[in-house]
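Asker: Line order of the protein sequences matches chains A, B, C and D. Using our numbering, the first residue of the first sequence is number 1, and each one after it goes up by one. Using our numbering, the first residue of the second sequence is number 1001, and each one after it goes up by one. Using our numbering, the first residue of the third sequence is number 2001, and each one after it goes up by one. Using our numbering, the first residue of the fourth sequence is number 3001, and each one after it goes up by one.
FYI, nobody ran anything at the bench for these hints, they're computed from the structure. Where is the CB? At the ideal position from N, CA and C, for every residue including glycine. Take the hints with a grain of salt, since some may be wrong.
As the list claims (entries may be wrong) - Below, in silico cross-link-like pairs of lysine to any residue (SDA-like), each with a Cα-Cα straight-line distance of 25 Å or less:
| no. | chain 1 | residue 1 | chain 2 | residue 2 |
| --- | --- | --- | --- | --- |
| 1 | A | 404 | A | 428 |
| 2 | A | 161 | A | 380 |
| 3 | B | 1129 | D | 3196 |
| 4 | A | 259 | C | 2180 |
| 5 | A | 301 | B | 1316 |
To be verified - A few chain A residues facing chain B, derived, Cβ under 10 Å:
| no. | residue |
| --- | --- |
| 6 | 31 |
| 7 | 34 |
| 8 | 37 |
| 9 | 39 |
| 10 | 78 |
| 11 | 96 |
| 12 | 120 |
| 13 | 203 |
| 14 | 207 |
| 15 | 210 |
| 16 | 383 |
| 17 | 430 |
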Amino acid sequence: MKHFKNFALGSAVALGVALGGVVPQAAQAEDANYVPLLTYRTGPYAGSGIHIANGMADYLAMLNERDGGIGGVKLTIEECETGYDAQKGVECYEATKGKNALVYNPYSTGITLQLIPKASVDKIPVLSMGYGLSAAAVGGTFPWVFNVPDTYWDGASVVIKYIGEQEGGLENLKGKKIGYIFLDAGYGREPIPLLEQLASKYGFELLQYPVPGKEMQNQSSQWLNVRRDRPDYMVMWGWGAMNPTAIKEAVKIRYPMDKFIGVWWSAGEDDAAAGGAQAKGYKALNFSGVGMDFQALQDIKKYVVDAGKSPTDPESMGGTLYNRGVLNSVIIAEGIRAAQEKTGKKVLTGEDMRMGLESLNLDEARLAELGLGGFAHPMKVTCEDHAGSHPVFIQEWDGEKFVKVTDWIEPMKDVVRPLLEEAAKDYAEKNAPWPARTEACPN
Amino acid sequence: MFYREAGQFKTSYKADQALFPILQDKVGMAVILAVAFVLIPLTANDFFLTSIMIPFLVFSLAAIGLNVLTGYCGQLSLGTGAFMGVGAYAAYKLTTIFPDVNVVFLVLASGIFSALVGAIFGLPSLRIKGLYLAVTTLAAQFFLEWCFIRIPWLYNYNASGAIEVPTREMFGVIVSGAEATPIARYFVVLSVVVFIAFLVANVLRGRIGRSWMMIRDMDIAAELMGIRPLQTKLMAFAVSSYICGVAGAMMVFFWLNAAEPSSYSINLSFQILFMVILGGLGSLGGAFMGAAFIWILPVFLKFIPGTIGLEVGAETVQHLTFMIVGALIIFFLIVEPHGFARLWQIAKQKLRVWPFPY
Amino acid sequence: MLYDIFIDPFVQMYQMPDFFLQVLWEGFVAGILYALIALGFVLIFKASGVFNFAQGIMVVFAGLTLVGLYENGVPAFVALALTIVVMGILAYGIERVVMRPLVNQPDIILLMATIGLTYFLIGFGEFIFGGEPKRMIAEELWLPTGSTAIEMGERGLIILQHIDIAAAVIAIIMVTALGIFFNKTRIGRALRAVADDHQAALSVGISLNQIWAIVWFAAGLVALATGIMWGARSDVSFALEIVAFKALPVLILGGFTSIPGAIIGGLIIGFGEKIGELYWGGLVGGGIESWLAYIIALIFLLFRPQGLFGEKIIERV
Amino acid sequence: MNAIVTNNDMTATAPVTEREVLLKVDNVSLSFGGVKAITDISLDIQKGEIRAIIGPNGAGKTSMLNVINGFYHPQEGTITWRGEVRRKMKPYEAATQGIARTFQNVALFKGMTTLDNIMSGRSLKMNKNFFWQMLWRGPAEQEEIEHRRKVEDIIDFLEIQAIRKTPVGRLPYGLQKRVELGRALAMEPELLLLDEPMAGMNLEEKEDMSRFILDVNQEFGTTIALIEHDMGVVMDLSDRVVVLDYGKKIADGPPEEVQASQAVIDAYLGVSH
């Protein structure tokens, strides 16, 4: 009982602090652009999430250090930890949106789905770079959502195209078996409609191997099935701890690694390294450069990492996922710049940012100017197409690092685009009354 | 002194059996309701409503649901998350099938489905007890989670596999979907929670509530006194799952707006169980206190460093939150294993005799 | 339909015997690994009646400590020794801070306390070691990592991972050692006395605190072994914690207090879910592994509510 | 108290013998695994009497009660309740037929108050369904009040008014036993089984309890079967006594007769078999 008094006092104080402290301050420095980053450095997906988070934060921090922000206005960067958990993600969103957030990068298909309907209401765009709802590429239906440079459907079509090339033409896919191993969540299921469509079009058989989120590290059944079915190729949509486990299991059943292709999120160095020497030959899609041979990355190292202003391990810089994070922030930064040009304002709002992203045009010259020549394929967003179906390349694990092995491969726009439009229509119908686009096209 | 019952005589059994037989409690309840219905809507900002009050109320309701089963009927369940999921998916399907019916009504109706599912998974409870029963409820948890993923009909064949909440109006006010204002959603959630809590309180103080407690305290004696164990337990499962189902449906309809199967994972089950245990098994008030503690504490821990101007990484905050919450759970279990409800009782006891402790 | 359920799977087993044997082997290995986790639960339950949910996170924590020390330049075997020391400190700390103040509380409170402990260790572990998955230092610990393929007729092939064989051997050694410990040593006997009745054990002069610290330490060692084995199969990461749930149906089958039961229960679940998933799972879209173990346990329970090895319960009033 | 003395049966005090047989146990045997708890026992309980079952520890007395109220099912033999041979049934069915009992180790509902414990004895008599319960106002409340009155009568009868709102877990043992009796009485049973109602009580408490048992028997006409170790109490209270030893019946008859039986003396003094 003696404890009780102290406890009561303590909790009363705690409650007081809670009520006083928890309500986020709306008052932000007037002369900064606020960019919240929903990241996850904890939880089962931290293995992938940390690199992304580092890349995103470091590039923006570098802009602050080197250039004093964008257009002379500093960026206020705030990370909010989601743990890849949709509830926490929404909580982060609610906690930060009041601070005049410019754009959200949920880094989880689950959180993205939750934010999509909110985006148009709160007038804050969602940038899901290479993930999220594929249909969001249709700008007419989803003016507030951007998924440059590619949707998962683009990615899946590139994989099939590449496999077709290996087989000497898409027509040779007939009768082939292609296995699809995926994280059994919104993320992994997203490409299935396209893969099924392509399967019926080219006559190959699609075998699905779902990996439940909580069984990520226990995939022996899935791979035993693979062993029995002997698919000619394996395609993977994995994330977090699923990737290294899958590669290990593939090695274990002696699956030919050069016929195993992962999406751009299954392209981490740690993932492939887990398979040891036998993982050599594993392939993955990518749309951002690998390595440190870019001026911008050197600047990050100089201004941020070596200056001790980031938790980044210098050795992880230049890795696929780190660079992916950097590219994400490049898009944010360029969106801000474009918005500043369009509006003439320095301190922006979410609505300005939407216009900026919609008029994003990252051409070769601009990339070079940023110190990122060849880092990514030039990309352009239009009002109709928020993804752009940009080309991607395939990289191969040589036992120590990923090496680019193909040129840029164009997605099958002719197949993907109609599907996207159909899906967008379907989404709007299911979520009726879905607001019609009223935002003017800035281009 | 402050909480003195002396002098409050009851002249009828009716008065003695009222929900709040003591004047101070009546007043206290009125104050709480006034704060919830008037003060908070008038003063709170959107963040407070959407990220604190709405989830808090939803979780409180779920905790009440689990409390009926575990706290009152003594059946340990780890399947709460899945039962909430059944409510959510049922409500989602109902809104698709009956687009014109009032969404609050559908949310309330969706609980019926989770009640059915809950009763089915409660069947083994006749033979299986304690921790063993917990494992069978885990079977429910994992099986249902699998269903949410593997039965595309449940999510209308959405490519994303998630359920998304349509925009619906009620009395001309948008209450669900992204366009619903936090205040409208708050009022809906608050009303449903108060309504259900009131009904549950009634059930608990009558014959049925007593029969649950009989099973909990001494199942053999209860049976020898004419309580049919299977029916009684199944009813507890059904009522508990109904409440959890409604909470789950409200979670997606009035709070999250969209949900994936992973929203209703085992972690949610644990979260609710924590609320019930820390709040106090067998106490409705405890369910609210537990929910407040488990939900609000991490939210507020997350924002402390920023508020006091400390430069700490988001992940460090998260790690510390985990550590603090874990440590506090152990601390409170050690201080008072019967939960906040008991602490509150002790506090009342102290207030009653204050300033003379004996 | 009936053909698919009752005949086709067996035809397949017959037609591809090498694959069937492989499935059995995978089931065996999975079973051994489940059993290892279950073993940790059993140790603690036996001695203190506590259902230790933190066993899963202890596995992760032990694995992370080992790898974390190694990554910071500590030689592998020194790191192993230090990890054992860390697990000892952890056991002592848990006994002091959590168990001792909660003596004689109801089961559910103790269960909750261990879940609280899980939260704490997740935060603590990530705080110290970071959240990214780490590669287990199997080779550095002289564990075999290669694989052997046994050919069987045409195209037939069974692949045995050496690490899996090592896991099986280690599991058998641990079970034997623990069996001897429980039955032949003074502390082991005291431990069983404690399991029967805390207060009675206290009254005959057995130190509960000491016993509990010892079993938590033993469970910590089991966790370390489990962490190394699971870690070598995939990676050491916090996602591994979830595998611990699989220990529950194993415990149901084997009984909460039986060490051989944990092994046999583990094997039943391991074989059951692999065979179920590979030969029947496809009929309902796969992934049934996530719940099959629980359903198997549930069915067993309905017929034997006391578990496979428990004694028939006679209810008294 | 007068409120529930409705079925006051004055014949209850009349001399024993020629009364209606309420319950008859014929050649019942019960075993667990290989262990025989009861071997071939026959006995009857007549309406309105106080029937004592005595015997040394482990004689099978409690098992006998458990058989009577359906908690155990004997492997052999039949039980006849009010002239009808009873089929295998669940304990709660025994309760619906009017058999109530108390337990050797008090089996109260520890988390509930005295009032709720005794109210729980009324469960079978209450029938307002779930929806009325939810609403409370109206039928459910009326029913609750009606039964509350009956329960308050029992509380008065047992003189436990002061502990009405106390959780029973906090009560001393003697009072718990009394509450348990009250709970059984609330069921208004036809046959009341009392398993060592006076175990662990001091003389004064025993006297109180004896008075309650006699009152119940005489005022309500409730038939009572009781297990008791205190021979003085048994001899004073009971009309007829049956003696068990090692699961077998060794004597049956009026107290004086049984007391004089050599078999009983042997059993109690521990003569080897």
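Asker: Determine for every hint whether it applies to the structure shown.
Answerer: Taking the hints in turn, this is what the structure says about them:
1. At most 25 Å may separate the alpha-carbon atoms for a hinted pair to count; residue 404 of chain A and residue 428 of chain A exceed this at roughly 39 Å.
2. The hinted pair formed by residue 161 of chain A and residue 380 of chain A meets the criterion: a straight-line CA distance of about 23 Å does not exceed 25 Å.
3. About 29 Å separates the Cα atoms of residue 1129 of chain B and residue 3196 of chain D, which puts this hinted pair outside 25 Å; it is violated.
4. For the hint linking residue 259 of chain A to residue 2180 of chain C, the alpha-carbon distance of about 50 Å lies beyond 25 Å, and the restraint is violated.
5. Proposed proximity of residue 301 of chain A and residue 1316 of chain B is supported: the alpha carbons are some 23 Å apart, at most 25 Å.
6. Among the interface hints, the one on residue 31 of chain A is violated; its C-beta lies about 19 Å from the nearest C-beta in chain B, farther than the 10 Å criterion.
7. Of the supplied interface hints, the one on residue 34 of chain A is violated, with its beta-carbon coming no nearer than about 13 Å to a beta-carbon of chain B, more than 10 Å.
8. For residue 37 of chain A, the suggested interface contact is upheld, since its CB lies about 8 Å from the closest CB of chain B, less than 10 Å.
9. Because the smallest distance between the Cβ of residue 39 of chain A and any Cβ of chain B comes to about 7 Å, under 10 Å, the interface hint for this residue holds.
10. For residue 78 of chain A, the interface hint holds, since its Cβ comes within 10 Å of a Cβ in chain B; the closest pair sits about 8 Å apart.
11. The interface hint given for residue 96 of chain A is met, as the beta carbon of that residue sits about 9 Å from the closest beta carbon of chain B, less than 10 Å.
12. At a threshold of 10 Å, the smallest CB-CB gap from residue 120 of chain A to chain B is about 7 Å, leaving the interface hint in force.
13. At a threshold of 10 Å, the smallest CB-CB gap from residue 203 of chain A to chain B is about 23 Å, leaving the interface hint violated.
14. A cut of 10 Å between beta carbons decides the hint on residue 207 of chain A: the least distance to chain B is about 16 Å, and the hint is violated.
15. The criterion of a C-beta within 10 Å of any C-beta in chain B is met by residue 210 of chain A, whose closest approach is roughly 8 Å, and the hint holds.
16. Given the 10 Å rule on beta carbons, the hint for residue 383 of chain A is violated: about 22 Å separates it from the nearest Cβ of chain B.
17. The beta carbon of residue 430 of chain A comes within 6 Å of a beta carbon in chain B, closer than 10 Å, and the hint placing it at the interface holds.
Of the numbered hints given earlier, the model fails hints 1, 3, 4, 6, 7, 13, 14, 16; all others are met.
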